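Listed below, chain by chain, are the residues.
There are 2 protein chains.
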Amino acid sequence: MMELYDLAGAEEDRRFSPFCWRARLALAHKELPVRTLAWRFTEKERLAPSGQGRVPVLVDNGRWVADSWVIATYLEETYPDRPSLFGGGAGRALSRFYSNWADSALHPGLIRFVLLDVWRHLAPQDRDYFRRSREERFGATLEAVVADRDQRLDGFRQSLTPLRLTLQTQPFLGGERPLYADYIVFGGFQWARCISDYALLAADDPVAAWRRRMLELFGGLAGKAKGYPVA
Amino acid sequence: MMELYDLAGAEEDRRFSPFCWRARLALAHKELPVRTLAWRFTEKERLAPSGQGRVPVLVDNGRWVADSWVIATYLEETYPDRPSLFGGGAGRALSRFYSNWADSALHPGLIRFVLLDVWRHLAPQDRDYFRRSREERFGATLEAVVADRDQRLDGFRQSLTPLRLTLQTQPFLGGERPLYADYIVFGGFQWARCISDYALLAADDPVAAWRRRMLELFGGLAGKAKGYPVA
Numbered sequence: 009m010m011e012l013y014d015l016a017g018a019e020e021d022r023r024f025s026p027f028c029w030r031a032r033l034a035l036a037h038k039e040l041p042v043r044t045l046a047w048r049f050t051e052k053e054r055l056a057p058s059g060q061g062r063v064p065v066l067v068d069n070g071r072w073v074a075d076s077w078v079i080a081t082y083l084e085e086t087y088p089d090r091p092s093l094f095g096g097g098a099g100r101a102l103s104r105f106y107s108n109w110a111d112s113a114l115h116p117g118l119i120r121f122v123l124l125d126v127w128r129h130l131a132p133q134d135r136d137y138f139r140r141s142r143e144e145r146f147g148a149t150l151e152a153v154v155a156d157r158d159q160r161l162d163g164f165r166q167s168l169t170p171l172r173l174t175l176q177t178q179p180f181l182g183g184e185r186p187l188y189a190d191y192i193v194f195g196g197f198q199w200a201r202c203i204s205d206y207a208l209l210a211a212d213d214p215v216a217a218w219r220r221r222m223l224e225l226f227g228g229l230a231g232k233a234k235g236y237p238v239a
Numbered sequence: 009m010m011e012l013y014d015l016a017g018a019e020e021d022r023r024f025s026p027f028c029w030r031a032r033l034a035l036a037h038k039e040l041p042v043r044t045l046a047w048r049f050t051e052k053e054r055l056a057p058s059g060q061g062r063v064p065v066l067v068d069n070g071r072w073v074a075d076s077w078v079i080a081t082y083l084e085e086t087y088p089d090r091p092s093l094f095g096g097g098a099g100r101a102l103s104r105f106y107s108n109w110a111d112s113a114l115h116p117g118l119i120r121f122v123l124l125d126v127w128r129h130l131a132p133q134d135r136d137y138f139r140r141s142r143e144e145r146f147g148a149t150l151e152a153v154v155a156d157r158d159q160r161l162d163g164f165r166q167s168l169t170p171l172r173l174t175l176q177t178q179p180f181l182g183g184e185r186p187l188y189a190d191y192i193v194f195g196g197f198q199w200a201r202c203i204s205d206y207a208l209l210a211a212d213d214p215v216a217a218w219r220r221r222m223l224e225l226f227g228g229l230a231g232k233a234k235g236y237p238v239a
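Here the protein sequences come in this chain order: A and B. In this text, residue positions in the first sequence follow this note's numbering: the first is 9, and each later residue adds one. In this text, residue positions in the second sequence follow this note's numbering: the first is 9, and each later residue adds one.
Here chain A stands alone, though its shape is the one from the complex:
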């Protein structure tokens, strides 16, 4: 069976990396069973065979594959007879923008709500590393980064307008059924849900309705994972 190195918190079953969730949902979409291996930020050496130090890392029959986008395209090419993650070459090319939008617009918005909650859930050996590296990146303490999150909530919800308008006209970004683009964007919301009780979305937001649909996929794979309830 394949193995996936998957970021975990202090509790081994708290899995919260948005990029690892992309990979887990891609594997489920492809109907490929996987054994996830709990991994902590400070265990870089365990990933050495992948040539880098971040998760997700997939190990498929001795082949190490790192990076969520590379994993998705690897799965698509290696298992072409399984349900497609992209719906063809055009869909694959068109999915890139979703990934870049999530990484450069969605996640930077999300992190300023949940950064301190991430730290609170980390394994003891990861806490100093995480606080030091993130406080250097943000130029502020973790506490200061999230201090004004209530004031930023309206702006964050406003930033989801392209997503909201799309999900008002179709149930998934991929259309009638989810595609990898859905897993890309959902990864961010699952990250937040697994690590924080902060109510990012109003219950009547079409984005929240889509999130509920995503949580139910594959027998509730994402919805049953350890985290906080959402609207």
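Worth flagging that the hints you see were computed from the coordinates, not collected in a lab. All of these numbers come straight from a predicted model, not from anything done at the bench. For each residue, glycine too, the CB sits at the ideal point set by N, CA and C.
Derived CB-CB ranges, DEER-like:
| # | chain 1 | residue 1 | chain 2 | residue 2 | range |
| --- | --- | --- | --- | --- | --- |
| 1 | A | Gly228 | B | Leu161 | 43 to 53 Å |
| 2 | B | Gly59 | A | Glu39 | 41 to 51 Å |
| 3 | A | Pro116 | B | Glu151 | 32 to 42 Å |
Assemble chain B onto chain A, guided by the hints.
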């Protein structure tokens, strides 16, 4: 031959609507010849058969089709043997987000650079209507809306990050060749280029390189149109 009602300025050949450009490029992609009809904002009654008052409006063999997205899907369904605008059903569903991102993120950014320049290029009979309706929408004079545009330039360029990252790894949003998603996003840049000499993009920006490729498509359809030169 099909006809397309196309927004024009004081000069009949200055065609600057971002939504009309989506339709014109979609028609060219489909290899469908079209006769464009210059239309001004105050000529709502000419569009009456379409049941609404905005362009683009396509007239195909007596059938009136309004709204750029509806036109694109109409062309795709009516002329399935021509080159596909979406690359299949998944590509079509995935293109919706591009449209909503352009409308709710890209265009609101762009308009605050070019709004006064639009007014300057309008036909005399359109100027009062445009100034009144836009000043009401923005709650400010056209002059005030664009007054601080130099200060907003860095932020605008930053907002293009998802686009830039994507175009660093593939020549078009659709991959190796342009798809309707490219026309959606390019429409905004062509709108700006046709109406304003403001330098929105640095010459070495991958987005500018993509814009150059877009301007050259279909024998320079967009590049030869009346407007201002770009980097």
